[in-house]
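Visitor: Quick mapping for you: the protein sequence lines, in order, are chains A and B.
The first sequence: position 8 = 8 (the numbering used here), numbered continuously.
So the number in the numbering used here is just where the residue sits in the second sequence, counting from 1, plus 1000.
If you're looking for bench data, these hints aren't it; they were derived computationally from the structure.
The beta carbon of each residue, even a glycine, is placed where N, CA and C say it ideally should be.
Treat each hint with caution, since some may be false.
[Said to hold, decoys possible] Take a look, some chain A residues computed to stay more than 10 Å from chain B by CB distance:
| id | residue |
| --- | --- |
| 1 | R28 |
| 2 | P41 |
| 3 | L45 |
| 4 | F107 |
| 5 | T116 |
[Unchecked claim] List of simulated lysine-lysine pairs, DSSO-like, C-alpha gap at most 27 Å:
| id | chain 1 | residue 1 | chain 2 | residue 2 |
| --- | --- | --- | --- | --- |
| 6 | A | K109 | A | K16 |
| 7 | B | K1014 | B | K1044 |
| 8 | B | K1044 | B | K1057 |
| 9 | B | K1009 | A | K16 |
| 10 | B | K1009 | A | K3 |
| 11 | A | K38 | B | K1014 |
| 12 | A | K3 | A | K38 |
| 13 | B | K1009 | A | K109 |
| 14 | A | K109 | B | K1057 |
| 15 | A | K3 | A | K109 |
| 16 | A | K70 | A | K109 |
| 17 | B | K1044 | A | K70 |
[Said to hold, decoys possible] Selected chain B positions facing chain A (in silico; Cβ < 7 Å):
| id | residue |
| --- | --- |
| 18 | Y1033 |
| 19 | G1051 |
| 20 | D1056 |
| 21 | V1060 |
| 22 | N1062 |
| 23 | G1063 |
| 24 | Y1064 |
| 25 | L1103 |
| 26 | G1108 |
| 27 | L1111 |
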Amino acid sequence: AQKVTQAQTEISVVEKEDVTLDCVYETRDTTYYLFWYKQPPSGELVFLIRRNSFDEQNEISGRYSWNFQKSTSSFNFTITASQVVDSAVYFCALSERQANSGYALNFGKGTSLLVTP
Amino acid sequence: NAGVTQTPKFRILKIGQSMTLQCTQDMNHNYMYWYRQDPGMGLKLIYYSVGAGITDKGEVPNGYNVSRSTTEDFPLRLELAAPSQTSVYFCASSPDRGRGSPLHFGNGTRLTVT
């Protein structure tokens, strides 16, 4: 079975610090997709990024950046100059083939990030 | 565009009661999903559907049932509520069967069984 591990349960930083959230995955598929979602205190799930396994370019979106390394099966997420509004639970997920057809997301347990002023 | 709509937002059930969590989407997505979220445990797949009339079990289906009579609706039924079903339930949809499609989530239903 495929597996997503987010070893950091909780992280606390002071505003303007950089922070990296780790994600390690296991899969037997040669082609696969990885995702990051954000869950703010209000509870909704917000899609942040999707990365496919054959594109190892790092991606940057404003203060957010993602480092995908196939050799170490990792897909880490860095927030630069963190802000209080970044406080949320962040989930890493791997697209997993289901028994009969189609795909669903297999989520890690999440990392709770608290950014204090 | 409403996206994925879940009702109710909150519900308290007594042990043994039954209820249906409603989910509807207006994006004409074929794929729909039910997940449950327990504190510190991430999201676990309960059931999913690849189209109207087709449903299948996910990782934690026991105690639940689903139906998919239309593309838009994917209700989740709890027949005999148990305290272990206290959780936050999320419905999601996806446009196609491709593994790269992100899921669009509803805002969740917080269920407490006492």
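Visitor: Each hint should be assessed against the structure and marked as holding or not.
Guide: Going through the hints against the structure:
1. With a least CB separation of 14 Å from chain B, A:R28 remains clear of the 10 Å interface cut-off, as annotated.
2. No Cβ of chain B comes within 10 Å of the Cβ of A:P41; the nearest lies about 13 Å off, and the non-interface call holds.
3. With a least CB separation of 4 Å from chain B, A:L45 falls inside the 10 Å interface cut-off, contrary to its annotation.
4. Some Cβ of chain B comes within 10 Å of the Cβ of A:F107; the nearest lies about 4 Å off, and the non-interface call is violated.
5. Annotated as non-interface, A:T116 keeps its C-beta farther than 10 Å from every C-beta of chain B; the closest such distance is 21 Å.
6. Between A:K109 and A:K16 the alpha-carbon distance is near 26 Å, which keeps this suggested pair within the 27 Å criterion.
7. Only pairs whose Cα atoms come within 27 Å are accepted, and B:K1014 paired with B:K1044 is accepted, the gap being roughly 23 Å.
8. Taking the CA atoms of B:K1044 and B:K1057, the gap is near 11 Å; set against the 27 Å cutoff, the hint holds.
9. Between B:K1009 and A:K16, the direct Cα distance comes to roughly 35 Å. Violation of the 27 Å bound is thereby established for this hinted pair.
10. Restraint check for B:K1009 and A:K3: the C-alpha separation of about 30 Å exceeds 27 Å, so the hint is violated.
11. As the CA atoms of A:K38 and B:K1014 are separated by approximately 32 Å, the hinted pair breaks the 27 Å bound.
12. Between A:K3 and A:K38 the CA atoms are separated by roughly 19 Å; this keeps the pair inside 27 Å, and the hint holds.
13. Restraint check for B:K1009 and A:K109: the C-alpha separation of about 23 Å stays at or below 27 Å, so the hint holds.
14. With a C-alpha separation of about 21 Å, the suggested pair A:K109 and B:K1057 falls inside the 27 Å cut-off, and the hint holds.
15. As the CA atoms of A:K3 and A:K109 are separated by approximately 11 Å, the hinted pair is consistent with the 27 Å bound.
16. For the given pair, A:K70 sits about 21 Å from A:K109 by alpha-carbon distance, which is consistent with the 27 Å threshold.
17. The suggested pairing of B:K1044 with A:K70 holds, with an alpha-carbon distance near 25 Å, which does not exceed 27 Å.
18. A hinted interface residue such as B:Y1033 counts as satisfied when its beta carbon comes closer than 7 Å to some beta carbon of chain A; here the least separation is about 6 Å, so the hint holds.
19. A least Cβ separation of about 9 Å between B:G1051 and chain A goes past the 7 Å threshold, and the interface hint is therefore violated.
20. Taking 7 Å as the C-beta contact cut-off toward chain A, the hint placing B:D1056 at the interface holds, the least distance being around 5 Å.
21. A cut of 7 Å between beta carbons decides the hint on B:V1060: the least distance to chain A is about 12 Å, and the hint is violated.
22. Interface restraint check for B:N1062: the shortest CB-CB distance to chain A comes to about 16 Å, outside 7 Å, so the restraint is violated.
23. Because the smallest distance between the Cβ of B:G1063 and any Cβ of chain A comes to about 19 Å, over 7 Å, the interface hint for this residue is violated.
24. Below 7 Å, beta-carbon pairs count as interface contacts, and B:Y1064 has none with chain A, the closest being about 15 Å; its hint is therefore violated.
25. Here the hint on B:L1103 is kept, as its CB sits about 6 Å from the closest CB of chain A, short of 7 Å.
26. Checking B:G1108 against chain A by beta carbon gives a least distance of about 6 Å; that is within 7 Å, so the hint holds.
27. For B:L1111, the shortest C-beta to C-beta distance to chain A is roughly 13 Å, which exceeds 7 Å, and the interface hint is violated.
Hints 3, 4, 9, 10, 11, 19, 21, 22, 23, 24 and 27, counting from the list given before, are not met by this structure.
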